[in-house]
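Here the sequence shown is numbered in numbering that gives the first Met the number 0, starting from 0 and rising by one per residue.
The set of hints was computed from the structure by calculation and includes no laboratory data. Using N, Cα and C, we set each Cβ at its ideal position, and we do this for glycine too. Just to be clear, a hint being listed does not mean it is correct.
[Said to hold, decoys possible] So the derived label-pair ranges between C-beta atoms look like this:
| # | residue 1 | residue 2 | range |
| --- | --- | --- | --- |
| 1 | 167 | 100 | 17 to 25 Å |
| 2 | 85 | 141 | 15 to 23 Å |
| 3 | 115 | 143 | 28 to 36 Å |
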Amino acid sequence: MKAGFDAVLFKPVALTQIKATFESVVPVLSPADFSPGHVAQRSSPGAEQLLPIDEARRIRSERTSRILTEAECQAAICAGFVRFQADYLGWRSERIRAHFIKDLLVIRVQGGLTLAECHLAKASTPESGRDLIKQFRKQLLEVARPILESMVYEVTGVKPQSMHHDISTVTGEEIVVFRLAEPPRFEYDPGAR
Numbered sequence: 000m001k002a003g004f005d006a007v008l009f010k011p012v013a014l015t016q017i018k019a020t021f022e023s024v025v026p027v028l029s030p031a032d033f034s035p036g037h038v039a040q041r042s043s044p045g046a047e048q049l050l051p052i053d054e055a056r057r058i059r060s061e062r063t064s065r066i067l068t069e070a071e072c073q074a075a076i077c078a079g080f081v082r083f084q085a086d087y088l089g090w091r092s093e094r095i096r097a098h099f100i101k102d103l104l105v106i107r108v109q110g111g112l113t114l115a116e117c118h119l120a121k122a123s124t125p126e127s128g129r130d131l132i133k134q135f136r137k138q139l140l141e142v143a144r145p146i147l148e149s150m151v152y153e154v155t156g157v158k159p160q161s162m163h164h165d166i167s168t169v170t171g172e173e174i175v176v177f178r179l180a181e182p183p184r185f186e187y188d189p190g191a192r
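Please take these sequences and the hints and turn them into a complete structure.
Written out as structure tokens, the structure reads:
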């Protein structure tokens, strides 16, 4: 008896299905086609300000309050996510923004689909391509969750309670949301709007 949710629920994907989908979309390349340090290059992150984690640590240690401004936290989160993408995933997005909304941290990534994922999303059966991309990205972030949570904790000083993720295969926009244990405290910034 079917429950009626077959089109909604994710079904486990067999390795043969993944290989068949990739082979139908992307030509097979030999290892000789890639240079040893090959990483997909993307454009610069745009107008966002990036604050390396080491610099955020230095600023925090110099302040008596030991906390960062909201803009510094946002910049450090963006820089940490850029570094995570480059070091852990091997690619870089076009634009990354971080926003704090009470006890939520929303990271918005634009231009996050790789070329292979774009082709996969346009495959003969877009639903299966979309599901593969979403399942693949979800698994990647779940495996890397401790890395991301420690980065968020180091920058905000507040432990993340949960992490949620989604990606649009149409626009290439990706959203990562952390629910924090409490709203983070920020240093007063007289120059902020």
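Results of checking the hints against the structure:
no.: 1; hint: 167 x 100: 17 to 25 Å; result: 20 Å, holds
no.: 2; hint: 85 x 141: 15 to 23 Å; result: 20 Å, holds
no.: 3; hint: 115 x 143: 28 to 36 Å; result: 19 Å, violated
Comparing the model with each numbered hint stated earlier shows that hint 3 is the single one that does not hold.
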